[in-house]
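Participant: Below, each chain spelled out in residue letters.
2 protein chains.
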Amino acid sequence: MSDWKTYLDREQPRFVEEFLDFCRIPSISSLPEHAEEVRRAARWVADRVAAAGMEHVEILETGGHPMVTADYLHAPGKPTVLIYGHFDTQPVDPLSLWDAEPFDPQVREGRVYARGASDDKGGMFAPILAVEALLATEGTLPVNVKFFFEGQEEIGSPTMGPFVTANRERFACDMVISADGGQWAEDQPSLALAFKGLCAVQIDVEGAYRDLHSGMYGGVVANPIHALAHILASMRDADGKITIDGFYDDVRDLTGDDRARIAAVDFDEARYMRDLQVDALYGEPGYTTLERAWARPTLEVNGIWGGFQGDGVKTVLPNEAHAKITCRLVANQTPATIADAIEAHVQRVAPPGVRVAVEKLANSAMPYEMPFDHPGNAAAAAVHRKLYGKEPYFVRVGGSIPVVGMFQEALGAYTVGFAFGLADENIHAPNEFYRLSSLRRGQEAYALLLHELATQS
Amino acid sequence: MSDWKTYLDREQPRFVEEFLDFCRIPSISSLPEHAEEVRRAARWVADRVAAAGMEHVEILETGGHPMVTADYLHAPGKPTVLIYGHFDTQPVDPLSLWDAEPFDPQVREGRVYARGASDDKGGMFAPILAVEALLATEGTLPVNVKFFFEGQEEIGSPTMGPFVTANRERFACDMVISADGGQWAEDQPSLALAFKGLCAVQIDVEGAYRDLHSGMYGGVVANPIHALAHILASMRDADGKITIDGFYDDVRDLTGDDRARIAAVDFDEARYMRDLQVDALYGEPGYTTLERAWARPTLEVNGIWGGFQGDGVKTVLPNEAHAKITCRLVANQTPATIADAIEAHVQRVAPPGVRVAVEKLANSAMPYEMPFDHPGNAAAAAVHRKLYGKEPYFVRVGGSIPVVGMFQEALGAYTVGFAFGLADENIHAPNEFYRLSSLRRGQEAYALLLHELATQS
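Respectively, the protein sequence lines represent chains A and B.
To convert, take the position in the first sequence, counting from 1, and add 105; that gives my numbering.
To convert, take the position in the second sequence, counting from 1, and add 105; that gives my numbering.
None of the hints are false.
If chains are identical, the list can't say which one is meant, so a pair holds when it fits in one copy or spans any two.
Here are the simulated DSS-like pairs of lysine-lysine, each with C-alpha atoms no more than 30 Å apart in a straight line:
#1 Lys183 with Lys110
#2 Lys419 with Lys346
#3 Lys419 with Lys465
#4 Lys346 with Lys465
Simulated from the structure, these hints should not be mistaken for laboratory data.
If we strip away everything but chain A, and leave its shape as in the complex, we get:
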């Protein structure tokens, strides 16, 4: 019996063909007419997981798109890890910007071009292949492994929260390993310590019962757009610090070590500004750019509208104006508290003559933060050192990944990010691709990680 690495080398051509097959399934979760394709992807995954040697393979109904689970629990005394990934994809529009059909994968210069290749079919396929190689060559796995592959990540995993809670026993684990995500660069590994939470509101300002003539009523009747501008301007000071009462109350301050880990990341601010085509950055004083992006809560207006938006001039004093706001939250803020604080602020500063309502929108996510020295991070860093010859960056992510908060809440388990996507792979955009070198690296990394985790217990 050869070792697992030789097995991977030998089977790679077959794995690539299988990966192309997987990419051929148009499992777009947001399109109802593709629901059967998402289910077909679930069957493909279930079959492939079974072929790899995993046990108790099942397609489970979630109330939304189905998910696939399996386990291999034959390492008594060793940790149990739940490996997470998703087999659904984003939509493909605008189709005209693709160089080839999104679900007819093309291999060019060591890259597979297809919708979902990087996000997350390539990511989630790697641990399946690693497990197959270990079982084929060692007859067992070094730790206890559960698979958790879902089909609705790209639509925000709407039914996953109640589903995971209802299946706590089945998914119980010491840690989650996420095969969705990426590394800092092709030659620089990273580990994510935090994702921001989210809360969203809409502000509606109403004035008179109808649009008015700006000549007849200007200067006399309150203008909802002016009122809204006043409300929005009052939420941040000139430097960009949020001035809503209580907004920062629950924020866990960054420690010196936290800040040192962020400062250790090689970040070229001049290039960042050049890429964005801005001549200045902007935000809360007292923090570096990466600290603001990664570890400080934010409030951004996502959209605003009211009155006349056409060409030329319409001399109207409009009777309503609206804005949508999302806040990104950090530990230990909660979406409900922040939404309440925004509402109280808006009502307090609303000028006379208008009626103002704050609608709390359903989208929300708890902020997520895991200990720097979590054993999963230690194991992943050990693998990074072997594969890259480098220590990982410890990064934080300004975006929100609801599923990590869900696992933490329902299973009491932190999630270690262990995936090999790279920033240039056009995820959620035309011409998405995944590097075959990343697919190969992921397989080896997962085999190493499972062994590493076994040594840590």
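For chain A, the structure is supplied; the task is to place chain B on it using the hints.
Facilitator: Just chain B now, with coordinates in the frame of chain A:
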């Protein structure tokens, strides 16, 4: 030969039939496909003016829609008055809200329902009929009269300025009498002493070269909507006073007499608020509501837009935001000075990280103000006393009527408002109507006015 009043009484049925004919012409000036109908209305007016006995009737090309002129200059030593009106109309949409076809006039309960009936076909028809009655019964007119009926008022009289300037001699007069406008109430006459001027700008704020992810870039890259809210909020203080440097510099302060004339107007503020369905009014402190509406300059945002305006949540940090602003100006402000002041203010307060442009929009109008004791006002007030048994209110108008500034500049003549529309007649809205009693009153009023003007010289 009967007197002119008996003549009007006797001919009224014919006049009403003719008025309905006039209203049947769909002379919508804003629709290119109706240009020939506007021209047909000009021919109808020219024919009718000639039938009334006026001389030198001509349809003149203006570079836009044609206009109709005529004169009767046989009162040596008496004043020359130019009577203004317009035969073009607003569009009719939304057609579904009309109870009958807009250009198939219906007579119900003493009212003629048709687009243009009140604005301004009914208004401009009255002086034509008054002149006919005077010529038919007295053989001449008591003063020198010129008619000036245009076909592009509803699109802002775009070619009228250069046209009037080029025809100064032809239109030379001692005063203009406007047959476009209205009275305070059916039982309360009024004279307008001022119209506000207008200047219009668009503010464009740009950030990064594309929309950004609000999680990745929030708190780091300037948000154009926040920048725009800050800019707009900085333009007025909490009470609604404009805080743009120099905004009030050229304003002619109201005298005690000006304020007394405004205070003499019976204005029910509680009812005004109830009608608008607002629980407070809002604006520059130190002035009454009518003073603010009529005699103080204003700045209103007419529209605002940027980012996501759909249902639900889109976590975008948009890369642009826009607002349209119009200011209403009073004597002696000028549109160019105010537009410059806005631009300077915007550039001064624009926060870092965004590019801001102020586009000066073409629409502008000089503010207009005439002396309270102008002889035309004295003559009109004398007629008001005869017809209503009341002194007129001296009002000012928050709206802008470019043509009055044009006459003042090109002809050196003030314009006396002498028209009989009422506020409930749905002008610019579905089911526009004009009262036959107003049509009759207008004829008598114009006959009286021309005699009154003859006694004043």
